[in-house]
Structure formats: structure tokens, C-alpha cells
Amino acid sequence: MFNIALFGAGRIGQVHAVNIAKHPKTTLYSIIDPYVEGAKKLAEEYGAKIQEIDEAMSDPNVHAVCICSATHTHADLIELAAQHGKVIFCEKPIDLDISRVRDCLATVRQHGVPMMVGFNRRYDPQFRTVKNQLNAGVIGQPESLVITSRDPSPPPAEYTKVSGGMFRDMTIHDLDMARFIMGEDPVSITAHGSCMVDPAIGQAGDIDTAVLVMNFPSGAIATINNSRRSGYGYDQRLELHGSKGLLQAHNVKENLVQHWGEEGCVAAKPQHFFLERYEAAYIAEWQDFVDVLEGKDPECGGADGEYALVLADAALESMKQGKTIKL
Numbered sequence: 001m002f003n004i005a006l007f008g009a010g011r012i013g014q015v016h017a018v019n020i021a022k023h024p025k026t027t028l029y030s031i032i033d034p035y036v037e038g039a040k041k042l043a044e045e046y047g048a049k050i051q052e053i054d055e056a057m058s059d060p061n062v063h064a065v066c067i068c069s070a071t072h073t074h075a076d077l078i079e080l081a082a083q084h085g086k087v088i089f090c091e092k093p094i095d096l097d098i099s100r101v102r103d104c105l106a107t108v109r110q111h112g113v114p115m116m117v118g119f120n121r122r123y124d125p126q127f128r129t130v131k132n133q134l135n136a137g138v139i140g141q142p143e144s145l146v147i148t149s150r151d152p153s154p155p156p157a158e159y160t161k162v163s164g165g166m167f168r169d170m171t172i173h174d175l176d177m178a179r180f181i182m183g184e185d186p187v188s189i190t191a192h193g194s195c196m197v198d199p200a201i202g203q204a205g206d207i208d209t210a211v212l213v214m215n216f217p218s219g220a221i222a223t224i225n226n227s228r229r230s231g232y233g234y235d236q237r238l239e240l241h242g243s244k245g246l247l248q249a250h251n252v253k254e255n256l257v258q259h260w261g262e263e264g265c266v267a268a269k270p271q272h273f274f275l276e277r278y279e280a281a282y283i284a285e286w287q288d289f290v291d292v293l294e295g296k297d298p299e300c301g302g303a304d305g306e307y308a309l310v311l312a313d314a315a316l317e318s319m320k321q322g323k324t325i326k327l
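In full-length UniProt numbering, the protein residues as written are 1 to 327.
Quick caveat, the hints were computed from the structure, so don't treat them as lab data.
For each residue, glycine too, the CB sits at the ideal point set by N, CA and C.
A hint or two may mislead.
Below, a list of computed lysine-lysine pairs in the BS3-like style, where the Cα atoms sit at most 27 Å apart [claimed, not checked]: (1) Lys326 to Lys131; (2) Lys244 to Lys92; (3) Lys253 to Lys269; (4) Lys253 to Lys131; (5) Lys320 to Lys92; (6) Lys131 to Lys244; (7) Lys25 to Lys40; (8) Lys296 to Lys25; (9) Lys323 to Lys296; (10) Lys92 to Lys41; (11) Lys269 to Lys131; (12) Lys326 to Lys92; (13) Lys92 to Lys25; (14) Lys320 to Lys161; (15) Lys92 to Lys131; (16) Lys41 to Lys25; (17) Lys296 to Lys253; (18) Lys326 to Lys296; (19) Lys323 to Lys161; (20) Lys22 to Lys92; (21) Lys269 to Lys326; (22) Lys161 to Lys131; (23) Lys22 to Lys40; (24) Lys131 to Lys296; (25) Lys22 to Lys253; (26) Lys22 to Lys296; (27) Lys161 to Lys92; (28) Lys92 to Lys253.
Between beta-carbon pairs, the in silico distance windows are [claimed, not checked]: (29) Gly219 to Lys40: 47 to 57 Å; (30) Ala268 to Pro24: 25 to 35 Å; (31) Arg229 to Glu45: 27 to 37 Å; (32) Gly10 to His272: 11 to 21 Å; (33) Gly261 to Glu45: 37 to 47 Å; (34) Gly219 to Gly10: 35 to 45 Å; (35) Gln258 to Gln110: 32 to 42 Å; (36) Glu263 to Gly202: 30 to 40 Å; (37) Gly322 to Gly85: 45 to 55 Å; (38) Val257 to Gln110: 22 to 32 Å; (39) Lys40 to Glu276: 21 to 31 Å; (40) Val211 to Val187: 33 to 43 Å.
Just need the whole structure built from these sequences, with the hints factored in.
So, in C-alpha cells, the structure goes:
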């Protein structure tokens, strides 16, 4: 049984708390969050302790940390955990500054502790099936990938000021997914963005609508379509075209019932947001981290977190300069 210290009792922390507590090999040992009331509520629900940062890091009963706190705290907590020999799970991103990410990962390597980064979409059963079928040769050589990712509604404009912007906050998932599916690193990226949804987001210096194109060494091309608004649910789709066929992963809907009548067909909308859409992915992701605790190499490690930020930064540079960025 592995004891887990959870840093952050907010929305994503609560998602991981459920999976930690439900897994037969992990225990939610302690909660660390400056918002004491939230931490107490979660601790009472799962019979966990309330700890301070230094207390949890130095506690020999803590085998691993699950970092779900505010982005600006991630790198510091990762370094502390590495220095104390804790196995590390950290939600993306490691940090918003690439030099800070690299310094942080150097500390992790120095202390030789396993680290996993939470790009949960890699573990979605639909997308994982696409990847597995590609690896099995079902569609031959991959030639083009289209990823569609649209949120049901935009975040508050104030959020964009601390999120690092759309590419680092939202698109970064799709950038990682493109690398994961294609099995190679892109050689160039071109990004176009605009503010079509909320003028306040534009006034805050961010975008809410984007299209990105990546070229890969094999000649394959990946296109990412992003929007902060869909109006019909959480739009999460993927299409992979190959030399021998096509693989598609459609939206997961609220239900599978279709009503056929004189006016045509009516079907349910996609599930509302990421908590519902990626519930199974979060469960599978935590299982993978348990495997890491038992000695397996992380599938999505610190280098993947670093590279995703490199791509997000390059996308931002491409949009600002209006040209393709070589990688």
C-alpha cells in the first residue's frame, strides 16, 4: 500500500483524491492546501491527515506526492519532493517558463526519483484505441492527423492572465496528443489565433480561437482546431488518416439514444466538460502511476512535459511573428 500526499484540494485535486482512495494499492494519506477549509473537507471525507508542505515532504510514511496545486507552485514542490526521495506525479504544466522547467527536471534527474506528468488524454480509452490500432498496422503509414478540441464555454478573462495563455493552458494537451499518436516529434509548427468568443479575453492579451499545423519528419501533418466555445458540449474528436485507411474517435455523448422522426434524427450532445469526458482517462492514468510506484518507467515523464511547453511556446511565437517556426 502506497501513501500519497495530495497537494491541492481544488477541482483537479478532488478528481485525483477519488481515484487515489478507490485504488486498492494507494491511500490518500494527507492533504496539503493553504485553503484550510477545502483541505479539511477533503481530509474528513477520506480519513486523511492535514499536513504542511515541509511536514509532508519529510514524513517517511509518504511514498509519493500528487501535485494538483496552482501552476506557479509546481516546480518548487517537484524539487522538494525529489530532494526528499518521493515519487512524483504532477499535473501539467511543470511551469510556464521553459528555463524553470529545465532547472526543475535537472533536480529530479540529480536525485534519481521517478516523475510522471499528468497529460490525461493519453489514457482516454477512445484515443488509446486509435494509437493501438495504428501501432498494429491497421491503417498503414500515418499521413495526417486532425485533432478537434473545443471547450463548452470560455474561462473568465482574469484566468487568462495567470494561465499562460490558450496555447500553454489548453492547446498544450493537443500538442502532447499529436506527439503521442504520431510517435515522432514535429520539425515545424505554424499557428494562427484570434479572439472570436469574448472580447475581454483579447483585451487581456490572449486568444480564444486557434488553428495549428505541425509537420513531422516522416512527412505527416497534424492539424489542431481549438475554440474556447462550442455551444453544444465538450467537443473532443480525433481523426487519423493513413495509407490503408482511416481511424476516427468521435465525441462521447451524454447518452447513445437517437430519436428518428419526420424532421430527421435527434441525438444527445457531447458530455459537458472534462470531468465527465475524461473520467475513465483519469482512472487509467492513476493506474499507470501505481505501476510507476511499483518500478515501471513513466510513460509520460518530465521530458514530455518539457516538450509540450516547447511546442506551446513555439506556437505562440509563430502566431506573433506570422511565420512557421522550425523546431
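Query raised in the report: lysine 326 and lysine 92: Cα distance at most 27 Å?
Result: holds, 24 Å
Requested in this report: Below or equal to 27 Å on CA atoms is what counts here, so check lysine 22 against lysine 296.
Outcome: holds, 21 Å
Query raised in the report: Holds or violated: are the alpha carbons of lysine 22 and lysine 92 at most 27 Å from each other?
Result: holds, 23 Å
Query raised in the report: When you check the alpha-carbon spacing of lysine 92 and lysine 41, does it fall within 27 Å?
Result: holds, 25 Å
Query raised in the report: Given the proposed pairing of lysine 161 with lysine 131, does the C-alpha separation stay at or below 27 Å?
Result: Since the Cα atoms of lysine 161 and lysine 131 sit roughly 35 Å apart, the hinted pair is violated (cutoff 27 Å).
Query raised in the report: Does lysine 161 lie within 27 Å of lysine 323 when you go C-alpha to C-alpha?
Result: holds, 25 Å
Query raised in the report: Taking 27 Å as the top limit, are the C-alpha atoms of lysine 161 and lysine 92 close enough?
Result: holds, 17 Å
Requested in this report: Mind checking the alpha carbons of lysine 92 and lysine 25 for me, to see if they're no more than 27 Å apart?
Outcome: Satisfied, since the Cα-Cα distance of roughly 24 Å is no more than 27 Å.
Requested in this report: Could you grab the alpha-carbon distance between lysine 92 and lysine 253 and see if it respects the 27 Å cut-off?
Outcome: holds, 26 Å
Query - Distance restraint between lysine 244 and lysine 92, which requires alpha-carbon spacing of 27 Å or less - result: violated, 35 Å
Query raised in the report: Holds or violated: lysine 323 with lysine 296, Cα cutoff 27 Å?
Result: Violated, at about 41 Å.
Query - 27 Å limit on alpha-carbon distance, applied to hinted pair lysine 92 and lysine 131 - result: It holds: about 21 Å lies between the C-alpha atoms, which stays within 27 Å.
Checked against the numbered hints given earlier, this structure breaks hints 2, 9, 17, 18, 21, 22, 35, 38 and 40; the rest are met.
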